[in-house]
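Residue numbers (our numbering), protein chains in the order written: chain V, 600 to 1018; chain X, 600 to 1018.
FYI, nobody ran anything at the bench for these hints, they're computed from the structure. Please read these numbers as outputs of a predicted model, since none were measured by experiment. Yeah, the Cβ is synthetic: ideal placement off N, Cα and C, and Gly gets one too. There could be a bad hint or two in this list.
What the hints assert, rightly or not - Over the 12 Å line for every Cβ pair with chain X, so calculated as not near, a few chain V residues:
1. 612
2. 768
3. 818
4. 819
5. 846
6. 847
7. 849
8. 905
9. 915
10. 932
As the list claims (entries may be wrong) - Subject to a maximum C-alpha distance of 27 Å in a straight line, what follows is the list of computed DSSO-like cross-link-like pairs (lysine-lysine):
11. V/876 <-> V/669
12. X/876 <-> X/669
13. V/780 <-> X/669
14. V/669 <-> X/669
Protein chains: 2
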Amino acid sequence: MPERLRQEAEQLDATDPLASFRDAFVLPEGVVAYLDGNSLGRPLARTRDRIGSFVADEWGERLIRAWDEKWMDQPLVLGDQLGRVVLGAAAGQTTVADSTTVLLYKLLRAAVDASPERTEIVADTENFPTDRFLVESVAAERDLTVRWISPDPAAGVTVDQVREAVSARTAVVLLSHVAYKSAYVADLPAITAAAHEVGALVLWDLCHSAGAVELALDADDVDLAVGCSYKYLNGGPGAPAFAYVAERLQERLAQPITGWMGHAEPFAMGGDYEPAKGMRRFISGTPPILGMLPLADMLDLVEEAGMPAVRAKSVLLTAYAIRVSEELLAPLGVTVASPADPDRRGSHVLLEHDAMREVVAGLWQRGVIPDFRPPRGLRAGLSPLSTSFTEVLVALGHVHDLLTETSESGTSDERKQNP
Amino acid sequence: MPERLRQEAEQLDATDPLASFRDAFVLPEGVVAYLDGNSLGRPLARTRDRIGSFVADEWGERLIRAWDEKWMDQPLVLGDQLGRVVLGAAAGQTTVADSTTVLLYKLLRAAVDASPERTEIVADTENFPTDRFLVESVAAERDLTVRWISPDPAAGVTVDQVREAVSARTAVVLLSHVAYKSAYVADLPAITAAAHEVGALVLWDLCHSAGAVELALDADDVDLAVGCSYKYLNGGPGAPAFAYVAERLQERLAQPITGWMGHAEPFAMGGDYEPAKGMRRFISGTPPILGMLPLADMLDLVEEAGMPAVRAKSVLLTAYAIRVSEELLAPLGVTVASPADPDRRGSHVLLEHDAMREVVAGLWQRGVIPDFRPPRGLRAGLSPLSTSFTEVLVALGHVHDLLTETSESGTSDERKQNP
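In isolation and in its complexed conformation, chain V is listed as follows:
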């Protein structure tokens, strides 16, 4: 390990204005380095410490009364905080609910059902499987056509590609803001504007953006967005997702999963379904209150740090990871498959090598945890508030060691087989 890289990591940690935020997380000793906060963020110590009290007091003592006192509004109160702190969205446009999958389904359906004369959905072939599957399902059930974009391998989905794909036939464009493998950041304002030029809606998947990349949904005139809270928002395994619907669209849109909690008067238990005013109409069943608690804690922490500072650290982290990879791992054949331009890069870095599947398995055994993305990618998710520069260096140092060992043992195996 070159001494200069180590010194640089120490220097970056020493001058990191967010360094102390890392202490807010549960940091068990057995975890040597965690580079998978974009699959499942670490829990906060505050969540660990107070969740038992939530069970005993808020649930156990207030019981059903807590619905009146607090919980009924919780999806929208938390949604508003998420909007203000993370999404660049004014109040009344965000709710926490369901899973990303269910919210994507509801908003896709709301979008296509709002314009029955439009017959196409535009999507891209490299989006996360759920997004692609849902586009296919909704198209099949509503008798629509999908127009697929193949992202440019060196640029992701471009504005020009979207301009070519959309037309007066387009009901909705579904894209991810940050690509889940490569980390390419789509040009959200320009793509949104291009869709609007032909009267189409855009639904943005923010799973790999929320809590890592600055967003300005209102200013960018976004129509619809969804995202998950268990990545950079540290909501915990399978935590509820969020949905954003621009206020100007809410009255026009209806979602198909019409449960009592989206009704104008949930406790009237009346006759026909009458959707609530505003964001509440996008809620279906009873909101998952316990599952929202970790997200509430993390939003407070993000609010304290501020998204500009979070994003600034994210850029430094990914830049440092790329620098270390190029210095330490490129000689072993590792290539960086994420954008070099920090403005086009999310908060993870994809490193590719033919031996990556084995390397990631070896890393896990050492307590170094990135994830593997087929066919040959190590995805290093760098969660700005919980990842240190030293952690990045340690992890990539282990990649270096394992790749060296693999290539040595490969040679030695060959010797054995071909003496």
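Once you've looked at the hints, dock chain X against the given chain V.
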């Protein structure tokens, strides 16, 4: 308060074989009597005590590795336990996921989409709002007709009513097993058989049954069922729901919310959606793991008690509540709107009086917590493992006192107005 009623409560508590189970729950002193376990069950002390460790250890230390080690199978493992302990369902037919609303939508859609030549849904006008709303929505989007049954006020939905409503046009019948207001228990085996005679499927809503009434879904040849886990299964506010799909139907049915977690190979991230074999295909998004923890604890407790014992206590509790009401409250004008026959009665009792709205408000101020169901019902949910007979008596004693005070102050008000 007649001494005989108090002695009877004490006697029933003293001879209750499940009395000690009550100590497993969080029982704060400020809650004088809790008769709303059918809206939100009390938390278990075990849940309170271990949920912080779950955050620190299983989530915080295993992190993303826990998906491989345990969480991926958790919805189905917990589903199997729920099937075995509560539903009378063999393994491989139950999953924990989403909310009741979302699961109802998915299974309604799966049922009607499986038989496009059938053009009707049968449902009843007194079902819980979500069920009725979803029937209307699915019917509208799939161009189907709803055939509404009006339940007999003195018997709930009868087999004869279902026989009259179903035909070769019926795709699916959606009914609640235990009516959410009156507590009438539908004749599940006979109604299921009546639907099968015309080739229709039946989807049972078990929200007010699961954990309170014995079920034998396999033996009764049930097709589909859903239910929530935050009532008699004490899963916590907005806890995930469950779905049952008979094994014989699983390959034939497809649900519309096609997320990665229902795919045959979730981590292959491949091209087209290919539904998983078995129950996994009814899962959509990332399962809510944290939200399943309280349910897991409660299922262990129910397994220890055994559903026959739980049901036996439920019958004694509701019978005692009715007896107390008739002796203590009937003279004040309260009527029992739940069935007298214990075989036809779920685990709650609906007591009606014109002043009930005010009475329930007054009860809440005293720490006595049933819920109010418009227009004039006090619904006393008696959760067999956490409710004592004395608790029932204390609560109804407060109803007596409040009704007496109300009628006295009413009289005095009248006097003032009409001197």
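Hints and how they fare:
1. With a cut of 12 Å on Cβ distances, residue 612 of chain V stays outside the contact zone with chain X, its closest approach being about 21 Å.
2. Non-interface call for residue 768 of chain V relative to chain X: holds, since the shortest CB-CB distance, roughly 21 Å, exceeds 12 Å.
3. The claim that residue 818 of chain V is not at the interface with chain X holds, since no C-beta of that chain comes within 12 Å of its own (minimum 29 Å).
4. Annotated as non-interface, residue 819 of chain V keeps its C-beta farther than 12 Å from every C-beta of chain X; the closest such distance is 26 Å.
5. Look at residue 846 of chain V: its CB is around 24 Å from the nearest CB on chain X, clear of 12 Å, so calling it non-interface holds up.
6. Chain X leaves residue 847 of chain V outside its interface by the beta-carbon criterion, the shortest separation being 24 Å against a cut-off of 12 Å.
7. Every Cβ of chain X is farther than 12 Å from the Cβ of residue 849 of chain V; the closest lies at roughly 18 Å, confirming the non-interface assignment.
8. Listed as a non-interface residue, residue 905 of chain V keeps its Cβ farther than 12 Å from every Cβ of chain X; the least gap is roughly 25 Å.
9. Here residue 915 of chain V stays apart from chain X, with its beta-carbon at least about 23 Å from theirs, past the 12 Å limit.
10. The claim that residue 932 of chain V is not at the interface with chain X holds, since no C-beta of that chain comes within 12 Å of its own (minimum 23 Å).
11. Restraint check for residue 876 of chain V and residue 669 of chain V: satisfied, since their Cα atoms lie roughly 19 Å apart, inside the 27 Å limit.
12. This hinted pair checks out: residue 876 of chain X and residue 669 of chain X have alpha carbons roughly 19 Å apart, not beyond 27 Å.
13. Restraint check for residue 780 of chain V and residue 669 of chain X: the C-alpha separation of about 25 Å stays at or below 27 Å, so the hint holds.
14. Between the alpha carbons of residue 669 of chain V and residue 669 of chain X the distance comes to roughly 33 Å, so the proposed pair goes past 27 Å and is violated.
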